[in-house]
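Q: Residues 1 to 336 in UniProt numbering are what the sequence shown spells out, letter by letter.
Hint data in this document are derived by calculation from the structure and do not stem from the laboratory.
No residue lacks a Cβ here, since even glycine has one placed at the ideal position from N, Cα and C.
The calculated label-pair distances, taken between Cβ atoms and stated as ranges, are:
no., residue 1, residue 2, range
1, His-241, Asn-75, 17 to 27 Å
2, Asn-264, Ser-123, 27 to 37 Å
3, Asn-237, Asn-269, 36 to 46 Å
4, Tyr-240, Arg-97, 32 to 42 Å
5, Thr-153, Arg-97, 15 to 25 Å
6, His-241, Lys-218, 30 to 40 Å
7, Asn-75, Ser-268, 29 to 39 Å
8, Ser-244, Pro-285, 17 to 27 Å
9, Arg-97, Leu-148, 19 to 29 Å
10, Asp-230, Gln-174, 34 to 44 Å
11, Asp-156, Asn-293, 39 to 49 Å
12, Thr-207, Glu-231, 12 to 22 Å
13, Thr-159, Pro-179, 16 to 26 Å
14, Glu-231, Thr-300, 18 to 28 Å
Here are the simulated DSS-like cross-link-like pairs (lysine-lysine), alpha carbons at most 30 Å apart as the crow flies:
no., residue 1, residue 2
15, Lys-144, Lys-134
16, Lys-112, Lys-101
17, Lys-135, Lys-112
18, Lys-218, Lys-112
19, Lys-218, Lys-114
20, Lys-256, Lys-286
21, Lys-111, Lys-135
22, Lys-111, Lys-101
23, Lys-235, Lys-286
24, Lys-256, Lys-218
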Amino acid sequence: MSFRFSISVVYAIIYQAGNRQRKITHYKLFLANFKIASTFTFNNFYIQNCYFIKFRVSLHLQMSLFIASLNSGSNGNCYYVGNGHDAVLIDAGISCRETEKRMLRLGLSMKKVKAIFISHEHSDHINGIPVLAKKYQLPVYITKPTMLNGRLTIEDHLTFTFSPFSPITIGEIQVTAFPKQHDASDPHSFIVSCNNINIGVLTDIGTVCENVITHFSKCHAAFLEANYDDEMLDKGNYPYHLKSRIRSGNGHLSNKQALELFINHRSSNLSHLLLSHLSKNNNDPKLVQDLFNEHANGTTVVVASRHVESEVYYIKGTGNLESSFSELKRMQTTLF
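Produce the complete structure using the sequences and hints provided.
A: Encoded structure:
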């Protein structure tokens with residue numbers, strides 16, 4: 001399920017047609033535009049001279065998470081994870097202006113973004129940080145080696161560090177970092193959690209280590225690297241040393257490695273997989289999409305673009321949508 005601004009709620013009203021004493025059943029689609037933070041309860045909603053099937057829908061959207069890729073690739077990486085009140089960005093490798101434009105198109109508010117977490121110091125993950133952090137006074141969570149090697153200039157009061165496996169609480173959201181293997185000074189991947197819903201951001205991974213397996217297996221949704229196709233890399237024009245670097249245990253995950261992780265270690269709760277950080281020269285989005293679709297088994301598989309933002313995907317846990325019908329009642333007009 002994905003949406004941008006709104007959600008549709010279907011309700012049923014059985015009309016009594018005046019003196020004709022006959023009932024006409026009418027089903028109407030009610031489009032409720034709302035701020036994601038809102039909770040709607042349609043309970044005891046009566047209309048004069050109408051019979052109403054009491055339909056209650058409680059959408060506790062703050063107990064769910066919304067995810068989007070703002071950009072994914074060697075030209076810039078930025079991932080949004082948030083609930084109705086709070087959100088975080090994982091990496092900020094595109095400009096502040098592009099971040100704003102893409103979030104605006106998705107209906108996402110920068111006012112809800114409370115922090116940026118940085119995975120490592122490569123430019124495609126940090127280019128937008130100085131302006132974005134300064135303009136919105138956003139805390140930046142970054143390790144000291146990453147800060148040093150990235151040569152970043154961030155105001156002291158906005159700079160915070162993190163330790164692996166130690167959750168950091170941002171409003172109602174928890175972000176937990178864990179080490180990964182990549183050719184950077186102190187690289188980490190992240191799990192973003194809220195109300196027992198886990199979102200993994202697992203890109204720039206040289207190998208599928210135990211940390212990756214353990215955390216991926218707990219995900220309800222994940223941004224997972226599928227960087228290159230083996231055959232395309234072999235036949236491509238990259239020099240030998242660069243091909244070796246990509247394939248090394250500190251480089252990137254191939255389509256095959258990512259697929260094996262997906263098949264062997266995904267949770268039964270994994271509703272969405274956003275394949276991320278595809279190589280421009282050594283991969284093909286359709287090839288990757290087709291490869292994973294064969295093994296999706298109910299998981300929505302999306303290839304994150306290196307040019308445009310994805311849709312916003314709604315990741316729900318159990319018990320966040322409550323609906324019930326009760327008996328017919330005839331009442332005077334009461335709106336909510």
